[in-house]
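Colleague: Using the working numbering, you'd call the opening residue of the sequence shown number 38 and step up by one each time.
Don't read these hints as lab results, they were simulated from the structure. Note that the structure is predicted; figures quoted are calculated from it, not measured.
Ranges between beta-carbon positions, derived for each pair:
(1) Arg174 x Arg105: 27 to 35 angstroms
(2) Val273 x Asp90: 36 to 44 angstroms
(3) His110 x Arg260: 19 to 27 angstroms
(4) Arg194 x Leu172: 16 to 24 angstroms
(5) Ser89 x Gly157: 43 to 51 angstroms
(6) Gly262 x Gly157: 30 to 38 angstroms
(7) Val158 x Val184: 23 to 31 angstroms
Cβ coordinates follow ideal geometry from the N, Cα and C atoms, glycine included.
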Amino acid sequence: MRDEHRMVQSISAFFPAYNDAGTIASMIVLADLTLREITEDYEIVVVNDGSSDHTPEILDEMAALYPRLRIIHHRKNRGYGGALRSGFSHATKEAIFYTDGDAQYDPRELALLVPALRDGVDVVNGYKIQRSDPLHRVIIGRLYHHVAKLAFGLKIRDVDCDFRLIRRHVFDKVQLEKDGGIICVELMKKVQDAGFVVAEVPVHHYHRAYGKSQFFNLRRVFRVGVDLADLWFALVLHRGTRTIAEPPPIPLSKD
Numbered sequence: 038m039r040d041e042h043r044m045v046q047s048i049s050a051f052f053p054a055y056n057d058a059g060t061i062a063s064m065i066v067l068a069d070l071t072l073r074e075i076t077e078d079y080e081i082v083v084v085n086d087g088s089s090d091h092t093p094e095i096l097d098e099m100a101a102l103y104p105r106l107r108i109i110h111h112r113k114n115r116g117y118g119g120a121l122r123s124g125f126s127h128a129t130k131e132a133i134f135y136t137d138g139d140a141q142y143d144p145r146e147l148a149l150l151v152p153a154l155r156d157g158v159d160v161v162n163g164y165k166i167q168r169s170d171p172l173h174r175v176i177i178g179r180l181y182h183h184v185a186k187l188a189f190g191l192k193i194r195d196v197d198c199d200f201r202l203i204r205r206h207v208f209d210k211v212q213l214e215k216d217g218g219i220i221c222v223e224l225m226k227k228v229q230d231a232g233f234v235v236a237e238v239p240v241h242h243y244h245r246a247y248g249k250s251q252f253f254n255l256r257r258v259f260r261v262g263v264d265l266a267d268l269w270f271a272l273v274l275h276r277g278t279r280t281i282a283e284p285p286p287i288p289l290s291k292d
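Produce the complete structure using the sequences and hints provided.
Modeller: This is the structure:
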């Protein structure tokens, strides 16, 4: 174990997977190789979110080969947010890493995030060095990024970079509720409002080699807009009163 990795005693790495039969096995293999170099205490969790391809069968085969791999099967698709919430709830280690199962991020770059999770840092957020997507997705992604940053007052460089390492105690104060793709905005807004310290690390983003994105069609873009508006009313207009546990009131002195 390298010295810069000793600050993290244990890690849960999880991947939400939906019809990722062409990539999920390689993600598990690379994650296992990387985690071995970081800590002796780790687990890998994959949330199969109601996949209709061969993802479930591949995951069950991989679980027979990798004793530290646990598979969570959703019988029905719960949405990206539902898959993330399931993964967070099943993670058992001190630090929780997640990225998507479609291989647009390299799980070996988890090794870049771990040294940034030094004392006093609660979340390490990746940010894309360059987005490797078709032009229309780049444009929509940039628009989404700027709207979310402006509307929610987010200070991070990359709102929708799903490559994060989070200390477990963060979820004592941050309770996630959304089932859709806007859960990443919900997560980072609640992290920021709770006063947690966020470090940022550049990571690579790769062309999607298998499958199709769940998000980039007109119906889903419209749905995301509606969901963002609802989230803005809940977390900005009403200042997220349900997000952060309020301290008990201080009794008034009788003097």
